[in-house]
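Novice: Got chain A sorted already, so can you dock chain B onto it with the hints?
In the order they appear, the protein sequences are chains A and B.
Quick note: the first sequence uses this note's numbering, first residue 39, plus one each step.
Quick note: the second sequence uses this note's numbering, first residue 2, plus one each step.
Hints listed in this document are in silico derivations from the structure and should not be mistaken for laboratory results.
Beta carbons: idealized from backbone N, C-alpha and C, even for Gly.
Keeping only pairs whose Cα atoms sit at most 27 Å apart, straight-line, the calculated DSSO-like set for lysine-lysine is:
| id | chain 1 | residue 1 | chain 2 | residue 2 |
| --- | --- | --- | --- | --- |
| 1 | A | Lys80 | B | Lys14 |
| 2 | A | Lys140 | A | Lys88 |
| 3 | B | Lys82 | A | Lys83 |
| 4 | A | Lys80 | B | Lys82 |
| 5 | A | Lys80 | B | Lys59 |
| 6 | B | Lys59 | B | Lys76 |
| 7 | A | Lys88 | B | Lys59 |
| 8 | B | Lys59 | A | Lys83 |
A partial selection of chain B residues facing chain A, derived with a Cβ cut-off under 8 Å:
| id | residue |
| --- | --- |
| 9 | Gly45 |
| 10 | Lys59 |
| 11 | Tyr95 |
| 12 | Gly104 |
| 13 | Gly106 |
| 14 | Gly109 |
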Amino acid sequence: DIQMTQSPSTLSASVGDRVTITCRASQSIDSWLAWYQQKPGKAPKLLIYKASSLQSGVPSRFSGSGSGTEFTLTISSLQPDDLATYYCQQYSGHWTFGQGSKVEIK
Amino acid sequence: QVQLQESGPGLVKPSETLSLTCTVSGASISSDYWGWIRQPPGRGLEWIGHIYNSGSTKYNPSLKSRVTISEDTSKNQFSLKLTSVTAADTAVYYCARHSYGIGLGSWGQGTLVTVSS
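Here chain A stands alone, though its shape is the one from the complex:
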């Protein structure tokens, strides 16, 4: 089965910083990758699909890139509301989630 490895597991950044989270697939998944934001006690929220398409209503400071096995989620200017855990998910056949990246505000 396809494994997804996310890094870092935790990051601390200041408001206004550019933040990048990486997700690596154990084999090619083309662009069948999504990113989710999860706040404590809430269901995950879809941010990005097909690796780089922004879900409707999601702020434009979020962007995704990559294909094949290497993917990134970028927050161009970190905001206090972005405090959350972020997950990647591949949906090439079976589904698999990354282990999550917790974003903390300095």
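Specialist: Frame of chain A, contents of chain B only:
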């Protein structure tokens, strides 16, 4: 707007069967993919399985021997059964909709299921 709502017992005894139902409004479960995802307390998301194409299913290999996902199109519901549960199955269970190629765009609020005697 699509809404999903999980329902079922919040407490299940070890070795018994966990049963949950997801009721969908605003969309037909006859199209798209409908999945179950769980999250143990303080941990990450784990895909359990999903149903699509009027009854086809895919399951997480690590759970496949214990999982059954089924649907009732007349009620616009789909269900999860997980047999022989242990404390390791304690988690918040979510149901979610995956539109083809777009990812899990709609989620239920989640329901905590605790496995304990």
